[in-house]
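J.: Listed in order, the protein sequences are those of chains A and B.
Mapping of the first sequence onto this note's numbering: residues 3 to 272, in sequence order.
Mapping of the second sequence onto this note's numbering: residues 3 to 272, in sequence order.
Derived from the structure by calculation, the hints contain no laboratory data.
None of the values given here were measured: they were computed from a predicted structure.
You may find that some hints are simply not true.
One copy or two, it doesn't matter: identical chains are merged, so the pair holds either way.
Unchecked claim - Mimicking SDA-like on lysine to any residue, the simulated pairs with C-alpha atoms at most 20 Å apart in a straight line are:
| id | residue 1 | residue 2 |
| --- | --- | --- |
| 1 | Lys16 | Arg39 |
| 2 | Lys24 | Lys90 |
| 3 | Lys16 | Gln224 |
| 4 | Lys94 | Glu74 |
| 5 | Lys270 | Asp112 |
| 6 | Lys270 | Met242 |
| 7 | Lys24 | Trp187 |
| 8 | Lys239 | Gly145 |
| 9 | Lys239 | Glu222 |
| 10 | Lys270 | Ala76 |
| 11 | Lys245 | Arg49 |
| 12 | Lys270 | Pro97 |
| 13 | Lys90 | Ala233 |
| 14 | Lys245 | Ala209 |
| 15 | Lys245 | Ser118 |
| 16 | Lys24 | Lys94 |
| 17 | Lys270 | Arg207 |
| 18 | Lys90 | Val15 |
| 19 | Lys239 | Ala264 |
| 20 | Lys239 | Gly37 |
| 21 | Lys245 | Pro97 |
Protein chains: 2
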Amino acid sequence: MPRVITAFSNPLVKRVQALRDKRHRREAGLFLAEGLRILTEARETGRLPQILFFAAASARHPLVLALVAAVEDAGGEAIETSEAILSKLSGKDNPQAMVGAFATFNTALDDLDRGSSAIWLVAERLRDPGNLGTILRTGDAVGAGGLILIGDSVDPFSTEAVRASMGALFTVPLVQTTWAEFLPWLRAGPGQLVGLSLRTENNYRTAPYAAPTFLLTGNEAQGLPAEIEAACDLLVKMPMLGKADSLNAAVATAVMAYEVLAHHASAKDA
Amino acid sequence: MPRVITAFSNPLVKRVQALRDKRHRREAGLFLAEGLRILTEARETGRLPQILFFAAASARHPLVLALVAAVEDAGGEAIETSEAILSKLSGKDNPQAMVGAFATFNTALDDLDRGSSAIWLVAERLRDPGNLGTILRTGDAVGAGGLILIGDSVDPFSTEAVRASMGALFTVPLVQTTWAEFLPWLRAGPGQLVGLSLRTENNYRTAPYAAPTFLLTGNEAQGLPAEIEAACDLLVKMPMLGKADSLNAAVATAVMAYEVLAHHASAKDA
Chain A
3 MPRVITAFSN PLVKRVQALR DKRHRREAGL FLAEGLRILT EARETGRLPQ
53 ILFFAAASAR HPLVLALVAA VEDAGGEAIE TSEAILSKLS GKDNPQAMVG
103 AFATFNTALD DLDRGSSAIW LVAERLRDPG NLGTILRTGD AVGAGGLILI
153 GDSVDPFSTE AVRASMGALF TVPLVQTTWA EFLPWLRAGP GQLVGLSLRT
203 ENNYRTAPYA APTFLLTGNE AQGLPAEIEA ACDLLVKMPM LGKADSLNAA
253 VATAVMAYEV LAHHASAKDA
Chain B
3 MPRVITAFSN PLVKRVQALR DKRHRREAGL FLAEGLRILT EARETGRLPQ
53 ILFFAAASAR HPLVLALVAA VEDAGGEAIE TSEAILSKLS GKDNPQAMVG
103 AFATFNTALD DLDRGSSAIW LVAERLRDPG NLGTILRTGD AVGAGGLILI
153 GDSVDPFSTE AVRASMGALF TVPLVQTTWA EFLPWLRAGP GQLVGLSLRT
203 ENNYRTAPYA APTFLLTGNE AQGLPAEIEA ACDLLVKMPM LGKADSLNAA
253 VATAVMAYEV LAHHASAKDA
């Protein structure tokens, strides 16, 4: 049976709320995800929250009941609570009906099967959590094999990144690694490393993509460092017709990913 | 000569800070834009802030001097201030070196020259300011004729939208209108209305785009209403290979816009 907690001063409320902070996430090895849809999706991928707070008002919803039962069966804690507490946990005025605290996870490079997909996303020193989540969401849509985060990127378990991913954090394998580890791993098997650059004449529409394609996205402000650009098998450019020679990093990643997807699909048909 | 203001209690500081709030923006007819790069871009498009706060530390930079002189020549007010005040005005810990308060603007539908570009962006009840700004930025990159905002969309002059636009708010013509006004205007001349939909078999890669193409983006949560979908000349779908049948709205807009751009470019070559 779920406990009922409605006191702001409850230590469990404080502990879960603290997960909005990176240091506490790291110490606890836990992160927050919100919403019935996303938590149900997480459950379908085999991930359950260790602690689940849900609104009393939603307690009779069949999917909520199923989630509560699954959490308790797995030894986790399900807690019925008020909208005010959910608001406090999520930091939002109109909170979702539930907030779960999940164990963080990380896939190792060696556990990736590079033959499992023709597209892989690689992001280097990504700074913005919204961009990271959006790239994961795009990765889900194009069927990417995974997202490989290189270097000092923003925390993929930040509440904002999880939110922007719309559940894709649970469906797209995620690797956090370094350039020094990634490059030798990549070179130990098939894999074309593709970077966007202003210093090339290769149009992204007609470039010779080869599967599996590893699409690199650089830091929002600085782009790719020269060393990483030099290691790419292919540099491509996109038309920039405006005053600014730049696109949002998640947008550029998506345009490239859909281009590579179409390229590989037509190669298969040919 | 610029005034120097370093007191948090100064009424002008309070007035400009209040522009982070929508109601105050509407009342004052002013909005905030930050950063030397964006303010210089604004100046190049003929827009100067009525009030300019700049950091004492940046006061000798030639572009800052030029901007201060231009603001004062135009009868505006340039104010040298501290980083602490700039932080307060922008709501950011590491503020840009300058914050300007600009008059809001709005282009009328009848002032658009639909022959001036082969791509136009149309967004309907867009909710997220980051998405709006990102769509403007994409509009700049693809050379869109403008962004037409339909219905009750987020305020394009919100600080977050202006930030995400990276200056494109100043370079991409912006119309705020209603569906009831937009549709008759569209039908009074050439223009293909294209919507993304899950209820069509038209693949977005092979669809018969015709210039000028008006690309519709729907509300983040609900997509396009049936009435608007029914008014489209062409519905297309993008592959969604993952668990979620959705993409971020700004991402979907960008993938479509680059597709239409490539389509029109190859039609021109043929």
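J.: Now tell me if each hint is right for this structure.
T.: Verification of the supplied hints:
Within a single copy, Lys16 and Arg39 get their C-alpha atoms no closer than 24 Å, and across copies no closer than 42 Å, so neither meets the 20 Å cut-off. With identical chains, the CA atoms of Lys24 and Lys90 are at most 20 Å apart within one copy only, with a shortest distance of 17 Å there and 24 Å across copies. In this homomeric assembly, Lys16 and Gln224 never come within 20 Å of each other (Cα to Cα): the closest approach is 38 Å inside a single copy and 34 Å across copies. When the C-alpha separation of Lys94 and Glu74 is checked against a cutoff of 20 Å, the pair qualifies neither within a copy, at 26 Å, nor between copies, at 42 Å.
Proximity of Lys270 to Asp112 under the C-alpha cut-off of 20 Å is found in neither arrangement, the shortest distances being 27 Å within a copy and 47 Å between copies. Taking the closest pair of Cα atoms, Lys270 and Met242 come within 20 Å of each other only across two copies (18 Å); inside a single copy the shortest separation is 30 Å, beyond that limit. In the homo-oligomer, the alpha carbons of Lys24 and Trp187 never lie at most 20 Å apart, since the shortest distance is 29 Å inside one protomer and 50 Å across protomers. Taking the shortest Cα distances, Lys239 and Gly145 sit within 20 Å of each other only across copies (16 Å), while inside one copy they are farther apart (23 Å).
For a Cα distance limit of 20 Å, the shortest separation of Lys239 from Glu222 inside one copy, 16 Å, qualifies, whereas the shortest one across copies, 29 Å, does not. Proximity of Lys270 to Ala76 under the C-alpha cut-off of 20 Å is found in neither arrangement, the shortest distances being 43 Å within a copy and 61 Å between copies. Taking the shortest Cα distances, Lys245 and Arg49 sit within 20 Å of each other only across copies (15 Å), while inside one copy they are farther apart (45 Å). Taking identical chains as interchangeable, the C-alpha atoms of Lys270 and Pro97 are never at most 20 Å apart, the minima being 45 Å within one chain and 50 Å between chains.
In this assembly of identical chains, the alpha carbons of Lys90 and Ala233 never lie at most 20 Å apart, being 46 Å within a copy and 43 Å across copies at closest. Within a single copy, Lys245 and Ala209 get their C-alpha atoms no closer than 25 Å, and across copies no closer than 29 Å, so neither meets the 20 Å cut-off. For the identical chains of this complex, Lys245 and Ser118 are inter-copy neighbours only, at 16 Å across copies versus 40 Å inside a copy, given an alpha-carbon limit of 20 Å. For the identical chains of this complex, Lys24 and Lys94 are neighbours both inside a copy (18 Å) and across copies (19 Å), given an alpha-carbon limit of 20 Å.
Within a single copy, Lys270 and Arg207 get their C-alpha atoms as close as 17 Å, and across copies as close as 16 Å, so both meet the 20 Å cut-off. In this assembly of identical chains, the alpha carbons of Lys90 and Val15 lie at most 20 Å apart only when taken from the same copy (9 Å versus 31 Å across copies). For a Cα distance limit of 20 Å, the shortest separation of Lys239 from Ala264 qualifies both inside one copy, at 17 Å, and across copies, at 13 Å. In this assembly of identical chains, the alpha carbons of Lys239 and Gly37 never lie at most 20 Å apart, being 38 Å within a copy and 27 Å across copies at closest.
Proximity of Lys245 to Pro97 under the C-alpha cut-off of 20 Å is found in neither arrangement, the shortest distances being 39 Å within a copy and 24 Å between copies.
Comparing the model with each numbered hint stated earlier shows that hints 1, 3, 4, 5, 7, 10, 12, 13, 14, 20 and 21 do not hold.
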